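Asks: Work out the full structure, taking the sequences as your base and the hints as a guide.
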Amino acid sequence: MTMEGAMTLTEGPAAHARPVYQIDRLSKTYARNSLTALTDVKLTLHKGEFVSVVGSSGCGKSTLLKIMAGLLPPTKGRVVLEGRPVTGPRDDIGMMFQQATLLPWKTTLQNVLLPIEMRQGRSAAKAAIPRALDLLQLVGLGDFANVFPGELSGGMAQRASICRMLISNPAVLLLDEPFSALDELTRDFMNMELQRICAEQQATAFLVTHSLAEAVILSDRILVMKPRPGRIVEEIVIDLPRPRTLEMVNTPHFGDIVAHIRDLLGKEAFQ
Amino acid sequence: MTLHPNLKDDDEDTLWVEHVALIDSIPRWVAMLGLAIVVIAIWDLATTRMGWVSPIILPSPSETLSDLIIVGNNLLSGGHMLTALWTTTRTVLWAFLIAMGIGFSLGILVGETKFGERAVMPYLVAIDTMPKVAFAPLFIAWLGFDIQSKVALAAFIATFPIVVSTAAGLYAASENERMLFKSIGASRLQTLIRLKLPTGLPYIFTGLKIASVGVMAGAITGEFLGGGKGFGALIRESASMLDTPRVFSFILYLSLLGLALFFFVAFVEKRLVFWNKSDRPGGVA
Ligand SMILES: Nc1ncnc2c1ncn2[C@@H]1O[C@H](COP(=O)(O)OP(=O)(O)OP(=O)(O)O)[C@@H](O)[C@H]1O
Ligand SMILES: [Mg+2]
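So the sequences go chain by chain: A and B.
Residues in the first sequence are numbered consecutively from 1, following this note's numbering.
Residues in the second sequence are numbered consecutively from 272, following this note's numbering.
No wet-lab data here; the hints were simulated from the structure.
Remember, predicted model here, so these are calculated numbers, not experimental data.
Glycine included, C-beta positions come from ideal geometry on N, C-alpha and C.
Don't take each hint at face value.
Said to hold, decoys possible - Sample of chain A residues lacking proximity to chain B, with all beta carbon distances greater than 12 Å (derived):
id	residue
1	39
2	72
3	183
Claimed, not checked - Sample of chain A residues facing chain B (criterion: CB under 7 Å; computed from the structure):
id	residue
4	43
5	115
6	118
7	144
8	150
9	198
Replies: Right, dumping it as structure tokens:
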């Protein structure tokens, strides 16, 4: 099956931009169970690029993201962000985890302000309140700023954690299945918001997702991972024009791309 | 226009209501009062009415009640019993404060540092398995017959549950929460104070409640064995004179002190751990 340029290894539209993330020969073996989660991963993210990773459960996507975020040391290889090696958490990285993880003793607003409070203190957090409220408004939580997370639904909590990531204006967004807890309509809406935010802030985004449609609608490139040991086996350049719209989901070309990735994954996913 | 014109919001249309068993539907106060009446009735039957039990072993309810009033009067009028109760109260409060201070410090050392976990914890476990009351003669030898030796014994007993619960509480924060704090650049101290301690509060309060019971036991044991001027000494005195009603009423008044401490801890917990919805009804345990 061929598809005019959609899945060749040619460079994507953002390829001529400056490289932001450079990852080379990255391997990770968990010492606890001597399990090799990643082997020889090489990838480059360019300024303003949106790249997604798809792959079966347990193939090392979250591990890759945690290493990129400086939360987990790699066993081998190097991660360089903006010319400086990543050796720990950095404030130009915004990370969003698979779970919302809001602190139950803080209100939604206080949770959103947490990164500012930790890095710059209470007065800086106070000054950031209007921006936090704007962000909450944006994701439809305007009325829930002063509510404790115990009263939020799973999807609402996830949306609040998006605000927490965005509050410090990170240059790179690392997203680990951020919208998996949302219903489909909210998810579509959030995806479009994410596209807008990334375009607006010239942010570079790296998204882990299980939804192929989500990956295709958002990404400039999609990386396909295979498990045991986790590695990147395929790179697919998505040549849909930007800005992407939800209507594109219904085009035959979109369907072809999704089918092609599904084909790639299906061959090994359940071995 | 409604989608289901036949289903109105009337009670008659509610086909399924939650069924509550009769024993579960008795209101709290009725249940407590009822149980007390039954127990006292059996007690009365066994002593006054049928004479199954000798009054020296078990005084009748009326005897106990009149003695409760005598002791209550002495307490209210500021007699020697009030002085004794105050001595015991001071012992208990000092011991609780000391146990909290040492317990939190050791708990943080054990829960937060590998050194504490590897080197300190084994010794703590070893000491904890010893019968701590057996240390009473030592404390008396070291600190004398005054309040200090009782404070030491009570604090010694109450420290361990606080250490263990504090350490357990510090482990309670999930991997995700730790990762989150790491990713937003929190220092170790910030992570301890802003994440691990608040997450561990429910555990810590469980330990404090156990300690509040232990501190009472420790203080009274100390007063039994080491004399002094506390309530424990009064109880021992009355018991040696076979004044069982007096022993009973002393124990009842003493239990008020223990209850007050326990419920104070439970009250503070409710205030502080407001987000924890899993607390059991009535604030007990
Ligand atoms: N802390 C850890 N210690 C040991 N092994 C781990 C640890 N975390 C993950 N692993 C293992 O590493 C492999 C990759 O895990 P990872 O969480 O990166 O997968 P994933 O691709 O994110 O999966 P999912 O899509 O289900 O989230 C799995 O086999 C997992 O068992
Ligand atoms: Mg994952």
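Asks: Evaluate each hint against the coordinates.
Replies: To see whether the hints hold, each was checked on the structure:
no.	hint	in the structure
1	39	23 Å, holds
2	72	9 Å, violated
3	183	21 Å, holds
4	43	20 Å, violated
5	115	4 Å, holds
6	118	5 Å, holds
7	144	15 Å, violated
8	150	6 Å, holds
9	198	19 Å, violated
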